[in-house]
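Engineer: Sequence order for the protein chains is A and B. Here the first sequence is numbered in our numbering, starting from 23 and rising by one per residue. Here the second sequence is numbered in our numbering, starting from 98 and rising by one per residue.
Please keep in mind that the hints were generated in silico from the structure rather than gathered at the bench. Treat the hints with care, since some could be wrong.
[To be verified] Between beta-carbon pairs, the in silico distance windows are:
(1) A:99 <-> B:139: 21 to 27 angstroms
(2) B:153 <-> A:101: 24 to 30 angstroms
(3) A:104 <-> B:115: 26 to 32 angstroms
(4) A:44 <-> B:139: 14 to 20 angstroms
[Stated by the list, open to error] Example chain A residues on the side facing chain B (calculated, C-beta under 10 angstroms, incomplete):
(5) 31
(6) 60
(7) 61
(8) 64
(9) 72
(10) 83
(11) 85
(12) 86
[Claimed, not checked] Simulated crosslink set (EDC-like; lysine to aspartate or glutamate; CA at most 20 angstroms straight-line):
(13) A:93 <-> B:139
(14) B:102 <-> A:44
(15) A:25 <-> B:112
(16) A:75 <-> B:139
(17) A:79 <-> B:196
Beta carbons are placed, not taken as given, at the ideal position from N, Cα and C, and that holds for glycine.
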Amino acid sequence: DVKVTQSSRYLVKRTGEKVFLECVQDMDHENMFWYRQDPGLGLRLIYFSYDVKMKEKGDIPEGYSVSREKKERFSLILESASTNQTSMYLCASSLGGRASTYGYTFGSGTRLTVV
Amino acid sequence: DQQVKQNSPSLSVQEGRISILNCDYTNSMFDYFLWYKKYPAEGPTFLISISSIKDKNEDGRFTVFLNKSAKHLSLHIVPSQPGDSAVYFCAASASRNNDMRFGAGTRLTVKP
């Protein structure tokens, strides 16, 4: 059963901490994505990557960075966590080429609370 | 500025009746549209899609309609079942891109 695995289901961090959210996929997908889900706003794209060591900004990259050193792993980094980064974070992956052709496979999400 | 909009945050229907979920988009470059379904504590899962060269795509109880001139699509579920209760996200993508934009979601409740 192919899947996208997010390392933590729930996280509580303090303001100012550096936070790492990890995502691993076992489908040999080229593309990987990080979204955050907030009530009334839906899923908003933070960053995505279409190849190892490549990254592209999404709609809301401020306060975040990403790392993709290996094809199967895509990390989201909150450099200095703030309370407005409290959210559900969803990782997704897809085959290369047009993502829409194949759709995305999502992880189960990480609920991050910054206090 | 949201490029994909779902203006109804919630919808409640009776089991056996039709559920109609609506979605509007603003970016004329979008040419592929998808619907995802999300249960609590799970990631969204792909449900059905449609290319801009079509105006209808059907898969069992699920049908998606696309009106390009109005930049509007809808998802019809007939007949609705209690297990369909979930949040439904509309998503759109442009041909050249690897990324997708999502709407805010509509929470569907199907009552027995």
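Engineer: Under 10 angstroms is the threshold here; is the Cβ of residue 61 of chain A close enough to any Cβ of chain B for the hint to stand?
Structural biologist: Since the shortest Cβ distance to chain B is 8 angstroms, the answer is holds.
Engineer: Given residue 60 of chain A as an interface hint, is its Cβ closer than 10 angstroms to any Cβ of chain B?
Structural biologist: holds, 9 angstroms
Engineer: Grab the minimum C-beta distance from residue 86 of chain A to chain B and call the hint holds if it beats 10 angstroms, violated otherwise.
Structural biologist: violated, 15 angstroms
Engineer: Within 24 to 30 angstroms: is that where the Cβ-Cβ distance between residue 153 of chain B and residue 101 of chain A falls?
Structural biologist: violated, 46 angstroms
Engineer: Could you grab the alpha-carbon distance between residue 102 of chain B and residue 44 of chain A and see if it respects the 20 angstroms cut-off?
Structural biologist: violated, 29 angstroms
Engineer: Verify the proposed pairing of residue 75 of chain A with residue 139 of chain B, using a straight-line Cα cut of 20 angstroms.
Structural biologist: Not satisfied, since the Cα-Cα distance of roughly 28 angstroms exceeds 20 angstroms.
Engineer: Given residue 31 of chain A as an interface hint, is its Cβ closer than 10 angstroms to any Cβ of chain B?
Structural biologist: holds, 8 angstroms
Engineer: At the C-beta level, are residue 104 of chain A and residue 115 of chain B separated by a distance inside 26 to 32 angstroms?
Structural biologist: violated, 44 angstroms
Engineer: Next pair to validate is residue 79 of chain A with residue 196 of chain B; report whether the Cα-Cα distance is within 20 angstroms.
Structural biologist: It holds: about 10 angstroms lies between the C-alpha atoms, which stays within 20 angstroms.
Engineer: A closest beta-carbon separation below 10 angstroms is what the hint needs, so does residue 83 of chain A meet it against chain B?
Structural biologist: Since the shortest Cβ distance to chain B is 12 angstroms, the answer is violated.
Engineer: With chain B as the partner, please determine if residue 72 of chain A meets the hint condition of a C-beta pair closer than 10 angstroms.
Structural biologist: It holds, given that the least Cβ distance between residue 72 of chain A and chain B is near 5 angstroms, below 10 angstroms.
Engineer: Starting from the range 14 to 20 angstroms, see whether the pair residue 44 of chain A and residue 139 of chain B falls in it by beta-carbon distance.
Structural biologist: holds, 18 angstroms
The structure is inconsistent with the numbered hints 2, 3, 10, 11, 12, 13, 14, 15 and 16, although it conforms to all the rest.
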